[in-house]
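Q: In order, the protein sequences belong to chains S and A.
At the far end of the first sequence sits residue 424, using our numbering, and the numbering has no gaps.
At the far end of the second sequence sits residue 1810, using our numbering, and the numbering has no gaps.
Watch out, some of these pointers could steer you wrong.
[Claimed, not checked] In silico PhoX-like pairs for lysine-lysine, Cα to Cα no more than 20 angstroms straight-line: (1) 1346/A to 221/S; (2) 1346/A to 182/S; (3) 1359/A to 1328/A; (4) 216/S to 1359/A.
Simulated from the structure, these hints should not be mistaken for lab results.
Being a predicted model, the structure only gives us computed values, none of them experimental.
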Amino acid sequence: MKNNVELSKQIKLSCRNLWKVYGDNSDDFFSNNSYSQEDPSILSKKITEHGHIVANADVSFDVHIGEIFVIMGLSGSGKSTIVRCLSRLIEPTVGKILLDEENLLGKSEKELIEIRRHKMGMVFQNFGLLPHLNVIENIAFPLKLQGLKEKERLEKAVRVIELVGLNGRENNFPMELSGGQQQRVGIARSLAVEPDVWFLDEPFSALDPLIRKQMQDEFLRIQSLQKKSVVFITHDFQEALRIADRMAIMRDGQIVQIGKPVDLILNPKDNYIRDFTKDVPWESVLKASDIIDKSQKILQKAEEVPFDMPVAKMLPLLSKKSVGVVVVDQAGKKLGMANAQSFVTALATAEN
Amino acid sequence: MKNSIFEKNTLTWIGIIFITLILLIFQDKWVWASKYPRELIVPFSDWINFSMEKFIEQFGWFFLNISWLLSWPIIGAQWLLHSLPWIVVIFLVCFIAILSSGVRLALFTLSATFYMVLIGYWEESMNTLALVIISVPMAVFIGFGLGVWGFFSKRAEKVIMPILDIFQTVPTFAYLLPILLLFGFGTVVGLIASILYSFPPMVRNTILGLKRVPDHIIESAIMSGANTKQLFWQAMLPSCKKQILLGINQSTMAALSMVIIAAIIGGTADIGWEVLYYIRKAEVGQSLVVGLVIALMAIIIDRITSGFALNSDKAVKGPKYLKNMRLNYYGFAILVSILLFIVASFFQVLADWPYNLSIWVSSYINNFFETFVKTFRTEIKLLKTYTLFFIMLPTKIGFQQAVSPFTWGFQLEMGHKIFYFMSFILGALWFLKNKKNEIFIFLLLLMIFLYFGLTNMPWLSLLLIYSFFAWRVGGYKLALGTFFGLGFIVVVGMWPEAMISIYLCGIAVVFCFIVGTSLGIWAAHNSVVSSIIRPINDTLQTIPLFVILIPFVMLFKIGDFTGLLAIIIYAIVPSIRYAENGIRNLPSEVIDASTMMGSTKMQLLFLVKIPLALPVIMLGLNQTIMYGIAMLVIAALIGTNGLEQIVFIGLTDGNMGKGFIAGISMAIIAMIVDRITKTISEKRSEALGLSIK
Chain S
73 MKNNVELSKQ IKLSCRNLWK VYGDNSDDFF SNNSYSQEDP SILSKKITEH
123 GHIVANADVS FDVHIGEIFV IMGLSGSGKS TIVRCLSRLI EPTVGKILLD
173 EENLLGKSEK ELIEIRRHKM GMVFQNFGLL PHLNVIENIA FPLKLQGLKE
223 KERLEKAVRV IELVGLNGRE NNFPMELSGG QQQRVGIARS LAVEPDVWFL
273 DEPFSALDPL IRKQMQDEFL RIQSLQKKSV VFITHDFQEA LRIADRMAIM
323 RDGQIVQIGK PVDLILNPKD NYIRDFTKDV PWESVLKASD IIDKSQKILQ
373 KAEEVPFDMP VAKMLPLLSK KSVGVVVVDQ AGKKLGMANA QSFVTALATA
423 EN
Chain A
1118 MKNSIFEKNT LTWIGIIFIT LILLIFQDKW VWASKYPREL IVPFSDWINF
1168 SMEKFIEQFG WFFLNISWLL SWPIIGAQWL LHSLPWIVVI FLVCFIAILS
1218 SGVRLALFTL SATFYMVLIG YWEESMNTLA LVIISVPMAV FIGFGLGVWG
1268 FFSKRAEKVI MPILDIFQTV PTFAYLLPIL LLFGFGTVVG LIASILYSFP
1318 PMVRNTILGL KRVPDHIIES AIMSGANTKQ LFWQAMLPSC KKQILLGINQ
1368 STMAALSMVI IAAIIGGTAD IGWEVLYYIR KAEVGQSLVV GLVIALMAII
1418 IDRITSGFAL NSDKAVKGPK YLKNMRLNYY GFAILVSILL FIVASFFQVL
1468 ADWPYNLSIW VSSYINNFFE TFVKTFRTEI KLLKTYTLFF IMLPTKIGFQ
1518 QAVSPFTWGF QLEMGHKIFY FMSFILGALW FLKNKKNEIF IFLLLLMIFL
1568 YFGLTNMPWL SLLLIYSFFA WRVGGYKLAL GTFFGLGFIV VVGMWPEAMI
1618 SIYLCGIAVV FCFIVGTSLG IWAAHNSVVS SIIRPINDTL QTIPLFVILI
1668 PFVMLFKIGD FTGLLAIIIY AIVPSIRYAE NGIRNLPSEV IDASTMMGST
1718 KMQLLFLVKI PLALPVIMLG LNQTIMYGIA MLVIAALIGT NGLEQIVFIG
1768 LTDGNMGKGF IAGISMAIIA MIVDRITKTI SEKRSEALGL SIK
């Protein structure tokens, strides 16, 4: 149930050469522009040797409109810092953050509050619910901060409550809810202001595995309706694979590789990425659209399969139909042919 | 290591012991070393008296005006509480009790307040209540403001915190001294003293509460678009409501205890004054009857305010109609009050309880205690003399003087002395051989100390011993603080009295720590014991200090011994509490793992549980000492001889300088001991990788 739009090329949020260094006077390293010529790994090492802590080193990526961009990394890799820099909960040391082509780092505190009130929503690992407010008041809290009238904000809140399936729980307090339900409240609250950009910081990491899977599906369902530009942080590689349109893997504050999940699996950049990807069964990650053989002409009569069908499900078909099948997109447009030969070819390229 | 005696610290210790011995041997020749010369005493107290006089000449009118201003709210509150019939007040208090924690507390409140009416002390109780009602909001307001300021500004916190330390360690009586001089006699002194005494807990709790607001709540509020004001008032403050309410609870209790203590200066006609009056007249029965009023009042106020705090995070379930019902509650309360008011105007009994209907139970109590004392006269006397001869005197003046035919039944002969010193030295050497250098040093010091007694120890060597110990515990800063702090006490000439305070408090603390910790460990393993001890502890902690004195005065008359018992009974509470909590809250994996390794119950306790709980137990010791000092101050009322007595005398005859210096000296001792014990506890827990809540 992935985001089955062809990605728009339009960029919503962009992070450019972002550094975050903790420590007194750590900006000295960036006081002249020569730092950008240096290799970030070497510079990062140099800064660390001076007793500072480098949380993010030269991080750059783009998030397109309507895209789910996942940042995956183990603990201490700087992934939480980066999402806090994007929302300016933490002040980055140097770099640029462009939202709709405007630099967020140049914004005043006042402008920032306006942006957060209308353009950003964020979901937190530990939910961040206010214990003294009930479900509906929590969800309407951002609206209250904007100064909306009670009637108006309750109307809006009821709408998102339905979206996350919490009807009937409006008057419960956070401590009366299960973890999964609390995070639904967190999600609803972040959507109440109808933001363009949606940050989710390890939203499901505090939940049990079974609930986590449910919530991932739920998230994908909501996103398919809302089409936000999403930055999703996780330490769980499987979760990243399930939901990402594109993903970045971070290590020691730097991005190691960015790409579609399948790119990472088929072409891991180094051993670090390979450690994550090697146990992933390819046939479940590869989609029909990944094994299209461009050289073959489209046979009009061949059986059609949707572009996002996992290859594992296609295997019986491929073994029966030697000519192959036609891969079609959502709109029914024929993208190309796939057959057993092209599947093996795709695997073979991955091997290298 | 070749030989453990050559370790640097041990050598320094031996050097200090050597100096001590030399000073003791030549104490007749070098009198200056054992007794600080009178000529060298810096007349701080005269300077204070002098400058205070000048100050009052200049600015006295200003403070008197403030005093006049502040007397109005008190008069107002007293007028209000007096003009309301008692039945209305009781109803309102019970109503608040229901709102706070339910029907059970309300029933308790009802019977307790009715007791106040019944024994004929309603007016006095209301006078006390009026002071509390006026001082608490002011203290809470000041405390909250400072707390918020301290939270947002690191620099402010750095200034505020040490001031709070001073406010909370300076003995309660010493507070009253300057206030008395500045603001004149009367209720206002009590008001100001109780504000000053009760705002620090509010500051601490406000800062603590705000610091404990989880990051994710702050971040989520910012991301919801909160500006600074909204973030504070709508997200942070409600999230730490409980801590703030706890702060109000602690402030209220502090205010009440200070109001009671302030009664000592008189002119208030409140309940504290009544108790004091009967204690002084040695009518203990009546003082107990009235003292019970204070205790009940403290318990009610504590339960009501803590009830609001503890129930604050229990969410009010249900939608609006409940809110409306609450409104109806208030309406109902107002209606009933008016009804009761009208009824009371017809039936005078309900407004003013007639004197002849008051019941007098004091004679029964007096009789009971008299019979008790008569029946057990010999036992009481034995207990008293044995403690005096075998524990108190040796600590105070040493075996050298304490052992006499009159007390121990024999004279110290050469043989005894040789036996005493040899057994100590041999024991110490045995520990040295086993590389337990610390115990070696401890035994040597104990030997000297017990032989000569605390008050005979030369001030110079005690100064060295304490400072070096502080240096070993917490480095040069702590050592310098200790040295100059104690040095101050020496220089102002308070050293002999300070030693008497330390002697009395020290015996009590050692006893409390040993017995209390054992009780706490027992309670941690036995839920029956725990459930018996807990309510006793709760009550002891709520009752204002000088009510605790009363039963002991009844049994043992006034004097050091009674003071000692009162200190013990009050200061033992934290030792029990912390030991129980420390043992109960140990990580269960460690216990399980040790059990699986096959340790017996005793091994588990001594090799695993106690070492791991040691940081918490040490905190218990810290609190025991603080409680001990607090009680010591009050014990001055029953005729002890230490610093506390000087403070007390300063208060009664208006010698501000001397009393104040004595008060500061007590605060210095308290702060030094506090830092040392806390540092030990922190270092232990750091070494264990634990964090203490």
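Q: Decide, hint by hint, whether the structure agrees.
A: Hint-by-hint comparison with the structure:
{"no.": "1", "hint": "1346/A to 221/S", "in the structure": "19 angstroms, holds"}
{"no.": "2", "hint": "1346/A to 182/S", "in the structure": "13 angstroms, holds"}
{"no.": "3", "hint": "1359/A to 1328/A", "in the structure": "13 angstroms, holds"}
{"no.": "4", "hint": "216/S to 1359/A", "in the structure": "24 angstroms, violated"}
Hint 4 from the earlier list is the only one contradicted by this structure; the remaining hints agree with it.
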